[in-house]
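Based on the provided sequences and hints, a complete structural model is requested.
Residue numbers (this note's numbering), protein chains in the order written: chain B, 1 to 350; chain D, 1001 to 1357.
Hints were generated in silico from the structure; no laboratory data involved. For every residue, glycine included, the Cβ atom is placed at its ideal position computed from N, Cα and C.
If you only want the chain D side, here are some residues facing chain B, beta carbon under 7 angstroms, derived:
#1 L1052
#2 S1073
#3 A1085
#4 H1089
#5 M1103
Far from chain B by the CB rule (all over 10 angstroms, computed), these chain D residues:
#6 D1025
#7 A1171
#8 Q1299
#9 L1314
#10 A1354
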Amino acid sequence: MGKAATLLTATKVRGRLGWTDMLAYAYLGLGVVLMFGPVLWLALSSLKTPAALLEFPPSFLPLSQKTVAVPGHDKPLELYRVRLDDGSVKELAQVRRIGIQAQMVDPAAPQTIIRVPIDRREPIREVAFAWSNYSEPLAQFNFARFFGNSLFVTILATLVTLLINSMAAYALSIYEFPGKKAALLMVIGTLMIPITIILAPVFLVVTKLGLNNSLWAVILPGAATPTGVFLLRQYMLTLPRDLIEAARMDKASEWQIYARIVMPLTLPALAVLAIFSIMWRWNEFLWPLAVLTKSESYTLQIGLNAFQGELQTQWHYLLAMTVMTLLPVAMVFVFLQRFITTGIANTGMK
Amino acid sequence: MAGLTLSGIRKAFGPVEVLKGIDLDVADGEFIVFVGPSGCGKSTLLRVIAGLEQASAGTIAIDGVDVTAMRASDRGLAMVFQSYALYPHMSVYRNIAFALENMGLPRAEIEARVMRAATMLRLTDYLDRKPGALSGGQRQRVAIGRAVVRDPRIFLFDEPLSNLDAELRVATRKELASLHAEIGGTMIYVTHDQVEAMTLANRIVVLNAGRIEQVGTPLELYNRPANRFVAGFIGSPRMNFIPGRIGADGTIGHGAAATPLSGVDTGAAPAGAEISIGIRPEHVEIVPDRQADSSVSVQIVEQLGGESYLYGLLPDGTALTLRCANESPVRRGETVFVRFQRTRLHLFDAAGAALTR
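Next up, the structure:
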């Protein structure tokens, strides 16, 4: 706590708030709002009831009307603050509404019905979290299945990506061979081809291979990423040549050099690539949407899309499940951000 | 342990020829030092022997078996790198054991060999440490241990002491010498430091611009350098060279003084030939005026306590360095009279080759 306080009250000159400090804090504050505002809005909105979601003007906190159980009534009644004829203000529960008149009772004396014009009453609201937004889709929809699919795709694709990319990077950084530059240029060149262009041809290939609706159709086509190859190659170039040569003198085979010398030393870059890959794969939408058509093979992102109907969108479920989808990646980031920053600094990637 | 034969080794990087035909025989158990200035090709030659570079021409034979086409890992050599090249993610033990594991030795044998090497190099207390937690000298010993443990046919050292401070360098130099005495392997050692070369080598190979200038024992190189380059390279401070000319009566005239040098065997050189007279600083004596070969005006005096170096100019402006035992009373700006020890004179012809005498 002490550290956080020191950080948040830091000034350029100790104990004096200069105008540069104010500017810096204003800028950083704006950054925090820009970064976290939408996420916070999403998280709070995911706990609102459908009615509260559609309310205008929107409320920041998830609010709903306070209710009270009144003897003689099966359902809890909504509470209102009512200005009575004599000018006093009382909290009454509404039994029913007829036209512009509301029949209300005092929860303390439920026998007497009081008639109140509706413009004299005002709903009493309290913060209430609509956890049902979470529990209902988790129970009704095959969310666990989607989650499992996403997990499978993310983990396997990341492992395959790390393996393939590191081997390519090893060849492109450690070995000298004719055409090495051309190979590297071609790898980097593919960075310039957007997925939308190759979507159809790759779809045809996948279909011919009979992989439609298989999770491997999502994993395999994107396994070799030019970004990853480039990132790892740049990192491996910084490894001292002497180490490789020492390993050769030590009778290590090329596979042993790769697995026992180069891979362990490339760990920081591998961690960065792993984190990127996890985020890419977890959030991937367009390609899975194209190849996964059966709901049992849906990943989370595709499952979320199902909440968005042609005529009606179930915003409360959509928001709640979006939060669920964000959580794992956020966790990965929270725990591995140390690697990301050091790794990015080391790989010289910006 | 093994002998090594190099014949006609050439190595070119693109249009740049770094090695221009190296022929050398290394006997079994010999400690050979490659010495030469930066860029002379000594490290490249070592890497060609190791198999890390492919020779452009020529053959390498170990114990009579041609290994030119063999890969580095199959030649059975061990190398200590200038940067030590320890695997930073492995403990000292794993670093030393790595090669043995690759050779597929049984675990017990690996452990026995690592422990033996570690004991010899006083590394037993550090076996669990990573190289990053070791001092420079300890890393150096691990690098040597990694080579020793394999029981290689030939040890290759690529300037192994150049990253150590002066004191540690002297200590490690002694350790290397005793290591060679103890295990008696064939060792090839590359350095640019002629003191290391003189103290460690059985034979020194002086390289210059991709060629061997001379091969010989340290004292052979010191006493009978084959040419001006070797004469200048071996010995510190370097040898003085004074331009001269052989007179008709067999004396040597030089610009520095009126009296030509007499009593020097000029060998087969014809009268009138332009030569260089080489004399080491330690072979120049300060003498009374009438015995002198020349006078020297002293420019700089270096007092090292046990010995002193005087840097001065001969009357014709040629620089001359001389060494005096102990402290010297001579001060800067004074003129002293010197005599060159006749038996220690070296004569080189215009092309730089030593005159045959």
